[in-house]
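**Student:** From first to last, the protein sequence lines are chains A and B. Just so we're aligned, residue 7 is where the first sequence starts under my numbering, counting upward by one. Just so we're aligned, residue 7 is where the second sequence starts under my numbering, counting upward by one.
Hint data in this document are derived by calculation from the structure and do not stem from the laboratory. These numbers were taken from a predicted model, which means no experiment stands behind them. Please note that a few of the clues may not be correct.
Identical copies carry no separate label here, and so any pair may be met within one copy or between two of them.
20 Å max Cα-Cα, derived EDC-like pairs, lysine to aspartate or glutamate [as the list claims (entries may be wrong)]:
| id | residue 1 | residue 2 |
| --- | --- | --- |
| 1 | K17 | E76 |
| 2 | K47 | D77 |
| 3 | K9 | D22 |
| 4 | K9 | E19 |
| 5 | K9 | D52 |
Number of protein chains: 2
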Amino acid sequence: MAKVVVDVMLKPEILDPQGQAIQRALPSLGFDQVSSVRQGKHFELDVTGDDADRVAEQVAQTLLANPVIEDFTVRLAAE
Amino acid sequence: MAKVVVDVMLKPEILDPQGQAIQRALPSLGFDQVSSVRQGKHFELDVTGDDADRVAEQVAQTLLANPVIEDFTVRLAAE
Chain A
7 MAKVVVDVML
17 KPEILDPQGQ
27 AIQRALPSLG
37 FDQVSSVRQG
47 KHFELDVTGD
57 DADRVAEQVA
67 QTLLANPVIE
77 DFTVRLAAE
Chain B
7 MAKVVVDVML
17 KPEILDPQGQ
27 AIQRALPSLG
37 FDQVSSVRQG
47 KHFELDVTGD
57 DADRVAEQVA
67 QTLLANPVIE
77 DFTVRLAAE
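Can you build the whole structure from these sequences, using the hints too?
**Tutor:** This is how it looks when you write it as structure tokens:
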């Protein structure tokens with residue numbers, strides 16, 4: 007069984023209000039060094055059988071990401 | 007400027023209804039090989055100055071994760 011990680015992020019040209027809200031809160035908490043924050047989703051899938059990364063890629067394309075506004079990356083977890 | 011990635015996941019013993027909902031939807035979409043799905047949050051921070059990963063770790067601890075129910079990992083992006 008393979009553990010596959012899928013990260014889904016809004017495309018760079020899409021506004022990210024969640025990330026902006028975090029970024030604006032940081033200076034008042036004493037963090038002045040953070041110039042940009044973008045928030046996305048992180049999925050950890052346990053996939054059985056062969057070609058786990060191909061299966062995870064299809065899952066991401068079908069269900070986890072909205073390809074109109076989001077990009078995703080698929081990678082096997084290091085463990 | 008360093009790009010730092012923070013991944014926040016519910017602790018393993020905490021129920022993840024979002025992940026379960028995805029997992030239960032997969033068989034009807036033709037994906038039978040996925041035995042577990044857990045969902046978390048993914049943040050990409052641009053941090054200026056030195057020790058970007060230490061700053062990002064403090065940001066994660068303070069604002070991005072709820073340490074009662076969530077674990078987080080911090081890593082410098084490959085680029």
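**Student:** Hint by hint, note whether the structure agrees.
**Tutor:** Status of each hint after checking the structure:
1. Taking the shortest alpha-carbon separations for K17 and E76, only the intra-copy value of 5 Å comes in at or below 20 Å, while the best inter-copy value is 26 Å.
2. Taking the shortest Cα distances, K47 and D77 sit within 20 Å of each other both inside one copy (11 Å) and across copies (15 Å).
3. Taking the shortest alpha-carbon separations for K9 and D22, only the inter-copy value of 17 Å comes in at or below 20 Å, while the best intra-copy value is 28 Å.
4. Proximity of K9 to E19 under the C-alpha cut-off of 20 Å is restricted to the inter-copy arrangement: shortest distance 18 Å between copies versus 30 Å within a copy.
5. For the identical chains of this complex, K9 and D52 are intra-copy neighbours only, at 5 Å inside a copy versus 28 Å across copies, given an alpha-carbon limit of 20 Å.
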